[in-house]
Amino acid sequence: MALLAPSKPSTSDHGRRRARPSRRGDGRAAALYLAPAAILLLGVLAYPIYQLVLISVYDYGQAEAAGAAPLVFIGLHNYTDLLANSAFWTVLAKTIGFAAVCVIGSLVLGTVLAMLASRVRPWARTVLFLAALGAWATPAVAGSYIWLFLFDADFGLVNKVLSGIGFTAMEQHSWTYDTYGTFGLVALEVIWCSFPFVLVTMYAGIKAIPEEVLEAASLDGASTPRTATAIVLPMLRPVLMIATVQSIIWDFKVFTQIYVMTNGGGLAGRNLVLNVYAYQQAFAGSQYGLGAAIGVVMTLILMSITGLYVRSQKREAGLV
Amino acid sequence: MRIRRPLLAVSLGLSIVTVLAACAPTQSGPAGAGGDEKTGTLRVWLFDEATRAPKEATVSEAVAEFKASHPGVEVDVQWIPVEGRADRFSGAFNDPNNAPDVAEFGNTDVAAYAKTGALADLSGDLKSWKEGADLVPSVVDTAKADGKVYGLPWFTGIRALYYRTDVFTELNLKPPATLAELADTARRIRAAKPDLYGISVGGKYTYAMLPYLWAQGGELAKQDGGKWTSSITSPEAKAGVDAYAKLIKEDICPPQQCGNFTGTQSVQAFAGGKAAMTIGGDFNRKAVEAGAAKGKYAVVPLPGAKPGSVAPAFAGGNLLGVFGASKRRGLSVEFAELLGSAKYQTKMYSAMGNLPTLASVQQQLSAQDASLKPFVDTLKAGTRFVPASPAWSRIDAQNILPTAIQQIATGEQNVDAALQGAADKMNTAFGG
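Residue numbers (the UniProt record's numbering), protein chains in the order written: chain A, 1 to 320; chain B, 1 to 432.
To be clear, the hints were calculated from the coordinates, so they are not data collected in a lab.
Note that the Cβ used here is the ideal one computed from N, Cα and C, for glycine as well.
Be aware that one or more of the hints could be misleading.
As the list claims (entries may be wrong) - Derived contacts from chain A toward chain B, CB cut-off under 8 Å, selection only:
#1 Leu54
#2 Tyr58
#3 Ala63
#4 Glu64
#5 Leu71
#6 Phe155
#7 Asn263
#8 Ser286
Said to hold, decoys possible - Here are some chain B residues the structure puts well away from chain A; computed CB gaps all over 12 Å:
#9 Thr51
#10 Ala53
#11 Glu56
#12 Ala68
#13 Gln78
#14 Asp95
#15 Lys174
#16 Gly226
#17 Asp242
#18 Lys286
#19 Gly291
#20 Lys306
#21 Gln363
#22 Gln364
As the list claims (entries may be wrong) - Pulled a few chain A residues facing chain B out of the computed Cβ check, cut under 8 Å:
#23 Ile49
#24 Gln51
#25 Gln62
#26 Ala65
#27 Ala66
#28 Gly67
#29 Ala68
#30 Thr138
#31 Phe149
#32 Ala153
#33 Ala268
#34 Gln280
#35 Gln281
#36 Ala284
#37 Gly285
#38 Gln287
Start from the sequences and build out the full structure, keeping to the hints where you can.
Here you go:
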């Protein structure tokens, strides 16, 4: 029936429209179907971004927001201020490095554990998933404090265990003093709470690979590593891409962990990342214009990083 | 199609309205003129405290008294966390309908809050208040912005030197007479007792650093024709900051532990018995009494640069302000005056240890209670204040001074470079 329907002359409304130039009718229908989503997106995404961009070209502080002072248009002044500030570039470089470590760490850990989960017995898999989901479900603030307690210089379990098994130098070792040590600790915490997403996504991806393909490969005599690199990974590429893009966006925007674990950016601000920097410089100090400029710059950076990544992946996969 | 056309029109119209409405960033309308209703609910914001119960009990008493004398009036008290105050107050300034009638806030925020135009000018109200003349004048000054008073001084926060009497007796030490002696004493204590910090102070404890800067004759900033300029690169200021940063060293209070200490954390270390000295406020006494240091400590004014002098303390304190958009201005002022009255200042003193702002109450209490003496002495020796500029809130929020202290303490930068960097950032904040 369905297959035959288009060829049948019809007197229904549907059929009459088909007689008109069909492209236009389709476009209108598509527009109407998309309208609710478009209106929603306009409201919750486009409008705030529009406001963000607008605020970033004004001298917009608390007094201006409250309507107690006139708005002054200052063009790109907030941007030139920001880009001329060497502290911004340092923070940006640290943010990119920190995010890269977190992304790679959570992808590797999540993928390895997903492969493991697809091979172990159900009870072991359940335990693994429960542990991962526990980490995932822990609120960021709580997780950060738990890690801080574990790594506390005086009372932390980690130092007690380390000094107990012979590493006496670790007694009273401060994990949150040295720049890289602190970043490392926070990165571990971020990886701990973000690998479960990768694990679940990749596990679903692995499970979606048809048994027949793997069976055929093993019948052809492919070794396990060869199966993994030549069959499983290429088939996982779309899922891996989603997990990577998500991780990049999340880890680039880390706020809570840095804010809590380094007490607002570490000693002399040496552990600041862009989001905490923006908060400290702009929002706590009521310079919303500058804060908006940082937000716009961050959005642009994120869009270009993810855009480049998606394009390179598509090219590799021969999709472009 | 007949059904769909209006839909399209509506969505088109909506987007046009959206675009038109957004030609400039949104601003909330200027706060309403307010009113003077005599009944209804009075909304009050007070700061939450580590130990809120005694404060809450005292406030509840005042609320009960207020309600008894004002039939038809309810008082809704909300407790605002000090750390999250910026967000709450920004919200109140942006949306006058959700703003409180009366709010407690720190005197360092006055200039910035006043600039938003949301606070009512209380100059006249304080003049006509019968207890107003009793307010300590230097304290009233800290409630002013551009010559107008924006809050009723509720209590004063003065810091002095806490020290452990048992440790000092054991090591045969005397309370230091100068700041230089203080550093020596702290070093000797840590050498003899490596478990203790000689003095617990921290990189984020700006109000402990300021007395050092002022004691050497330094200034944070100078005002010239209404324009502020940072003066922390003067030799005096440098000497003060450097002397303070030297406390955050391996031989007194190691940067690994103390580098990021705030005031509260510094006092907690002392209260927990981990430090032989600290710089703490009158408002910290309850916390110290609750810790391991209870009964084993004494307080003296923080010494200055020369023997016999007192380092000028920062005149901290909290105010009770009234929002200009309040629909119950008269009631708001009355309630603030009740909380700030001699009766409730005395009660707040016994509940929280807060130093009163009324001269007569101060005298009466320090005559009764010897523990108040070092703070009153410090107050009498002369206090100082941060620049009365809206920029101070920004300088504070951006951690400009703590960053400089930490850079010096960790050896990341020398004094000259760190303070030059801080001065540049301060001047940017001042609009220079």
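For this session: Closer than 8 Å between Cβ atoms is the bar; does isoleucine 49(A) clear it against chain B? Give me holds or violated.
Result: With a minimum Cβ separation of about 11 Å from chain B (threshold 8 Å), the hint on isoleucine 49(A) is violated.
Exercise. Is it correct that the beta-carbon of aspartate 242(B) has no partner in chain A closer than or equal to 12 Å?
Worked result: It holds; aspartate 242(B) is separated from chain A by about 16 Å at its closest Cβ, greater than 12 Å.
Problem set entry | Hint validity - glutamine 281(A) Cβ closer than 8 Å to any chain B Cβ | With a closest approach of 6 Å, the glutamine 281(A) hint holds.
Exercise. Close enough to count: is the Cβ of glutamine 280(A) nearer than 8 Å to one in chain B?
Worked result: Hint holds; glutamine 280(A) Cβ to chain B Cβ min 6 Å, cut 8 Å.
For this session: Let me know if the C-beta of alanine 66(A) comes in closer than 8 Å to any C-beta of chain B, holds or violated.
Result: Since chain B brings a Cβ to about 4 Å from alanine 66(A), closer than 8 Å, the hint holds.
Problem set entry | Verdict on lysine 286(B) as a residue remote from chain A, using beta-carbon distances over 12 Å | Consistent with the label, lysine 286(B) stays out of reach of chain A, its closest Cβ about 24 Å off (over 12 Å).
Exercise. Taking the closest Cβ pair, is alanine 68(A) under 8 Å from chain B?
Worked result: 3 Å, holds
For this session: Verify the interface restraint on asparagine 263(A): the C-beta must sit less than 8 Å from at least one C-beta of chain B.
Result: 5 Å, holds
Exercise. Beyond 12 Å from chain A, beta-carbon-wise, is lysine 174(B)?
Worked result: The assertion about lysine 174(B) holds, with a minimum of 30 Å to chain A.
Exercise. Can we confirm that no CB of chain A comes within 12 Å of the CB of glycine 226(B)?
Worked result: 16 Å, holds
Exercise. Taking 8 Å as the limit, does the beta-carbon of glycine 67(A) come near enough to a beta-carbon in chain B?
Worked result: Check passed: Cβ of glycine 67(A) comes within 4 Å of chain B, closer than 8 Å.
Exercise. Non-interface claim for glutamine 78(B): all C-beta distances to chain A beyond 12 Å?
Worked result: 20 Å, holds
Checked against the numbered hints listed earlier, the structure breaks hints 6, 14, 23, 30 and 31; every other hint is satisfied.
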